[in-house]
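Colleague: Read top to bottom, the protein sequences are chains U and V. Counting from 1, position 320 in the first sequence corresponds to residue 320 in the UniProt record's numbering; the numbering is continuous, with no gaps. Counting from 1, position 70 in the second sequence corresponds to residue 70 in the UniProt record's numbering; the numbering is continuous, with no gaps.
None of these hints come from the bench; they were simulated from the model. Honestly, I wouldn't trust all of these hints.
Any copy, or any two copies together, can satisfy a pair, since identical chains are not distinguished.
Unchecked claim - Result set (DSS-like, lysine-lysine): computed pairs, CA atoms no more than 30 Å apart in a straight line:
1) 314 with 245
2) 358 with 154
3) 69 with 291
4) 314 with 248
5) 290 with 245
2 protein chains.
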Amino acid sequence: MGASRVAVRSYGTLRRCVSPRALPLQFARNIRTFAAAAVSPPSKAVVYEQHGSPDQIVSIVDLPPEEIKVNDVCVRMLASPINPSDINRMEGVYPVRPQVPAVAGYEGVGEVHSLGSGVCNLAVGDWVIPSPPSFGTWQTYIVKEETSWHKIRKDIPMEYAATVTVNPLTALRMLEDFVELTSGDSIVQNGATSIVGQCIIQLARIKGISNINVIRDRPGSEEVKEKLKKLGADAVYTESQLSVKNVKSVLSEIPEPLLGFNCIGGDSASLVLRLLRQGGTMLTYGGMAKKPVIVSTSSFIFKDLTLRGFWLQKWMTTDKAKDCRTMIDYLLSLVQCGKLKYEMEMVPFTDFNLALDKALGKLGSKPKQIIKF
Amino acid sequence: MGASRVAVRSYGTLRRCVSPRALPLQFARNIRTFAAAAVSPPSKAVVYEQHGSPDQIVSIVDLPPEEIKVNDVCVRMLASPINPSDINRMEGVYPVRPQVPAVAGYEGVGEVHSLGSGVCNLAVGDWVIPSPPSFGTWQTYIVKEETSWHKIRKDIPMEYAATVTVNPLTALRMLEDFVELTSGDSIVQNGATSIVGQCIIQLARIKGISNINVIRDRPGSEEVKEKLKKLGADAVYTESQLSVKNVKSVLSEIPEPLLGFNCIGGDSASLVLRLLRQGGTMLTYGGMAKKPVIVSTSSFIFKDLTLRGFWLQKWMTTDKAKDCRTMIDYLLSLVQCGKLKYEMEMVPFTDFNLALDKALGKLGSKPKQIIKF
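Modelling step: build the complete structure from the supplied sequences, incorporating the hints.
Modeller: Set out below in structure tokens:
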């Protein structure tokens with residue numbers, strides 16, 4: 001929380017007398033306040049002052065330098081993704097979100113730029129991520145306490161470091177924390193082309209778990225199937241392929257899945273429910289179709305299904321999250337040895353508006369957009 | 001399973017050559033088969049030969065005497081309820097059901113009529129219930145092994161003994177086995193006028209758990225509210241009373257419930273979901289409205305709800321059921337001391353067709369129908 005709080009606070013103070021776009025003019029006065037202290041460079045940030053459609057409300061603003069206190073670390077941000085939850089926070093529909101005005105973004109990676117005199121375990125040039133993730137990562141410089149940063153390996157592409165927390169960790173926890181799966185079991189998921197979906201395929205494969213994947217009926221679905229199979233998918237079906245009376249007949253040799261993942265809702269969630277084994281569990285972690293999950297009475301009583309949800313931001317506040325840095329290191333080690341990969345598109349910060357339009361789906365289906373600062 | 005299996009088997013054998021209604025004519029020949037053995041009296045039974053609308057398919061048939069083997073007990077049935085699940089089994093829509101032709105019924109109480117020579121722990125005149133419950137209780141005499149019968153107290157009305165397993169035990173297990181509730185917590189349920197509903201109110205009260213009850217909008221709902229409050233309901237609302245934006249504002253001093261029970265489905269299930277606390281659980285054990293449960297994505301992700309089902313017939317096959325006779329004794333002790341009661345209507349076996357019509361809802365809303373043999 002530190003970075004965004006500090007950044008937004010100083011912005012909040014300043015905006016009493018100036019409009020955001022006039023901020024640079026205030027630098028001199030502002031820096032005088034910190035005359036005796038080390039300060040960060042000014043930060044260029046994606047800021048929103050009210051909730052609404054992201055492309056209508058964000059502006060890129062120069063924030064004044066921040067004081068670097070004795071235990072603080074100033075980080076030059078390298079890259080940060082545009083996740084659907086970032087968009088929901090800007091829209092104001094996310095239940096936990098920063099107060100406006102706010103700097104957007106929730107995860108990312110940066111390089112240590114300068115240190116307070118009490119910092120022992122980080123050095124200039126180290127790669128770090130905010131861990132747990134925190135608001136306000138879409139900016140060029142962030143100052144927060146040493147303990148807020150987790151040092152990570154540098155031998156991986158920065159876009160993986162920037163995205164390791166929200167999506168891969170969601171996939172890992174959903175696979176580990178709800179149903180005991182052992183080699184030979186299987187899982188089923190919709191939205192298999194999402195980053196979480198791609199991670200589930202690969203993490204399941206590592207555990208010896210077969211995976212059944214459902215994708216939407218779209219032009220190019222044969223290509224998508226091939227891509228997912230290359231990642232390790234055991235079976236990929238379009239929704240229409242599964243619109244048959246005896247849906248389980250399509251599974252052939254794959255055992256009926258014990259665990260299902262739903263990030264779509266509506267009919268697509270119903271397909272996951274139909275494919276699940278007696279006594280199975282479906283986890284909902286997204287609702288891309290903006291339609292509810294519909295469950296028959298007999299699914300509960302006779303099929304004994306359990307339906308639950310997963311939300312990483314909530315998980316981060318629980319005891320289980322105390323080992324999250326170890327989990328991050330594990331996921332990055334998989335990236336390093338080529339066992340975890342997913343499609344992303346790096347976009348320079350100067351093209352932020354284009355990246356945002358792509359993330360908003362205005363230009364059709366695009367890979368995950370990663371802002372490169 | 002013993003009684004119904006034996007009864008249906010002999011009926012099944014006979015029906016190769018005679019129609020059910022001709023069975024009495026075959027007694028002499030049949031009894032000759034068992035010449036050297038003790039036999040039960042002939043049994044008058046509610047039999048169906050195919051699945052369909054119960055009032056179209058059942059007939060009352062005289063079944064021939066059964067052999068009473070050394071460890072068998074012959075029980076003269078006293079009373080047996082018509083439960084919704086009995087109707088579903090006759091309709092053929094229940095996933096586990098006896099093969100046709102079958103004697104209907106699943107629970108009931110009887111009096112020991114005669115014993116095999118190896119029976120040690122039961123005596124003529126004892127009251128017994130089939131435990132676990134088993135198919136084929138709608139008949140006047142049942143023969144099964146001693147171990148299939150559970151001797152119960154005789155100082156309670158027979159209609160409670162006849163009905164203690166399916167509904168009160170469902171209420172008890174749902175309250176005990178899913179969420180840890182302690183005094184001061186609360187639960188919410190729809191279908192509060194059902195027998196399970198009435199039991200939940202009283203069992204919750206005994207545990208110091210507040211209970212919030214939802215009933216349908218029907219003429220006489222004020223009277224229903226008073227009845228349920230007399231049983232121990234803390235709050236009773238009609239569905240329309242809860243159709244307000246801020247549903248939780250109606251709860252006033254009752255804490256938000258951790259656990260909810262749904263036996264209706266559709267909008268009524270949605271009300272239970274809305275009333276549940278963050279992290280709450282809803283158990284579905286019925287679907288009287290024949291409409292599915294509809295759940296928003298955010299209920300799973302942000303409200304962290306868990307949805308599950310409960311089915312007593314499945315539970316009876318699990319390890320947990322090994323103590324079911326102790327639970328039955330506990331429930332009957334509550335009946336004896338006036339802490340567990342619910343509305344029933346006793347109907348003589350000669351009026352079976354009327355009782356069935358009432359149970360099928362043909363004569364409006366009626367209390368649980370109990371056949372008195």
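Colleague: Give a verdict on every hint.
Modeller: For each hint, the structure was consulted:
Proximity of residue 314 to residue 245 under the C-alpha cut-off of 30 Å is restricted to the inter-copy arrangement: shortest distance 26 Å between copies versus 38 Å within a copy. Taking the closest pair of Cα atoms, residue 358 and residue 154 come within 30 Å of each other only inside a single copy of the chain (28 Å); across copies the shortest separation is 75 Å, beyond that limit. Taking the shortest alpha-carbon separations for residue 69 and residue 291, neither the intra-copy value of 48 Å nor the inter-copy value of 60 Å comes in at or below 30 Å. Taking the closest pair of Cα atoms, residue 314 and residue 248 come within 30 Å of each other only across two copies (23 Å); inside a single copy the shortest separation is 34 Å, beyond that limit.
When the C-alpha separation of residue 290 and residue 245 is checked against a cutoff of 30 Å, the pair qualifies both within a copy, at 25 Å, and between copies, at 21 Å.
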